[in-house]
Structures are given as structure tokens and as C-alpha cells.
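Participant: Sequence:
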Amino acid sequence: YLNEQSYEEQPYIISTKKELTERLKIPKRSLDKVLKKLREENKIHIRVRAGRNGGIMLASTHGLMRSVIRLKKESQGAYFAAISEAFGREYTFVQTALKRLIEPNKIGVQTDLFMIDTG
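Mapping to UniProt numbering: the sequence shown position 111 is 111, numbers consecutive.
Hints may contain errors.
[As the list claims (entries may be wrong)] Between beta-carbon pairs, the in silico distance windows are:
no., residue 1, residue 2, range
1, N53, L24, 32 to 40 Å
2, R66, P27, 28 to 36 Å
3, K17, R89, 16 to 24 Å
4, I14, K43, 14 to 22 Å
5, Q10, R39, 19 to 27 Å
6, S75, V34, 28 to 36 Å
[Unchecked claim] Each computed EDC-like pair below joins lysine to aspartate or glutamate, with the alpha-carbon atoms no more than 20 Å apart:
no., residue 1, residue 2
7, K43, E85
8, K36, E22
9, K36, E19
10, K43, E90
The set of hints was computed from the structure by calculation and includes no laboratory data. Beta carbons: idealized from backbone N, C-alpha and C, even for Gly.
Based on the sequences and whatever the hints tell you, model everything.
Facilitator: Right, dumping it as C-alpha cells:
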């Protein structure tokens, strides 16, 4: 849903929980569980504002990464700072979470001591 609703210029959506439950056709409690689980898995970033002009700001980590990849190196730092401020997270947390997605995981191969011929 986030990937469909977010745009390249704005990789996040601002809505209310009521609107989200109506669009997704799930109960509010189920939405809360899904959002909590996705946040724990670092797949989304959430910011909730309570009150009259409140709402919920959602962004998928994948959508944010697409935006970061398109940016030049100079503007990536400013983008990380804006994301950390918007979602109330530390700058280093956002930077390391997004950098992990840019750099592929290196898969190690375990070898025995005399398995490799060194010359």
C-alpha cells in the first residue's frame, strides 16, 4: 500500500488511522499490530501525532531508499537529516538503516584450513 501511494518526490504518506483502516478494510487493532510489527522489522518509519490536527506519517524503508539512491552524494546527508527529524529518530539510526539497504550483504564461505591452494 505504501509503495503504491507514495511518490518519488514525497516518499511518505500523511493520513489518519481511520482513513487507513477504511482504505485497507481492516480493523484498527489489526492495523496497530501490523504497524508495530513492521516498525520492529525496520520496514517502515512511523510518526503519530495525537489531537485535533493529528495524524500518522508513514514511509516504507524501501521507498525512502529509492529516493536516496536518486540523490547525489552531497544532498544525501541533508536528506538523512530531514528523515530523522520528520520521524523523530536519531540521525545515525536512519543513516545506518538506509545504508544497510544500499550495500548488499556479503555472503561468506567457510573453508577448511588446507582446502585452499595458496601456491
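Participant: Are the Cα positions of K43 and E85 separated by 20 Å at most?
Facilitator: 18 Å, holds
Participant: Given the hint that K36 pairs with E22, does the C-alpha gap stay at or below 20 Å?
Facilitator: Holds, at about 19 Å.
Participant: Is the distance from the Cβ of S75 to the Cβ of V34 consistent with 28 to 36 Å?
Facilitator: 32 Å, holds
Participant: Can the restraint linking K43 and E90 be considered satisfied, given a maximum Cα separation of 20 Å?
Facilitator: Distance of about 16 Å is within 20 Å: holds.
Participant: Within 28 to 36 Å: is that where the Cβ-Cβ distance between R66 and P27 falls?
Facilitator: 31 Å, holds
Participant: With respect to the beta-carbon atoms only, verify the hint that I14 and K43 lie 14 to 22 Å apart.
Facilitator: Because 19 Å falls inside the window, the suggested range holds.
Participant: Just to be sure I understand the hint, the distance between the Cβ atoms of Q10 and R39 should be within 19 to 27 Å; is that true here?
Facilitator: 20 Å, holds
Participant: Given a hinted range of 32 to 40 Å, is it respected by the beta-carbon distance of N53 and L24?
Facilitator: Violated: the Cβ-Cβ distance is about 23 Å, outside 32 to 40 Å.
Participant: Can the suggested window of 16 to 24 Å be confirmed for the beta-carbon pair K17 and R89?
Facilitator: Since K17 and R89 have Cβ atoms about 20 Å apart, the given range 16 to 24 Å holds.
Participant: Does K36 pair with E19 here, judged by a C-alpha cut-off of 20 Å?
Facilitator: Roughly 18 Å between the alpha carbons, so the hint for K36 and E19 holds.
Taken one by one, the earlier hints fail for this structure only at number 1.
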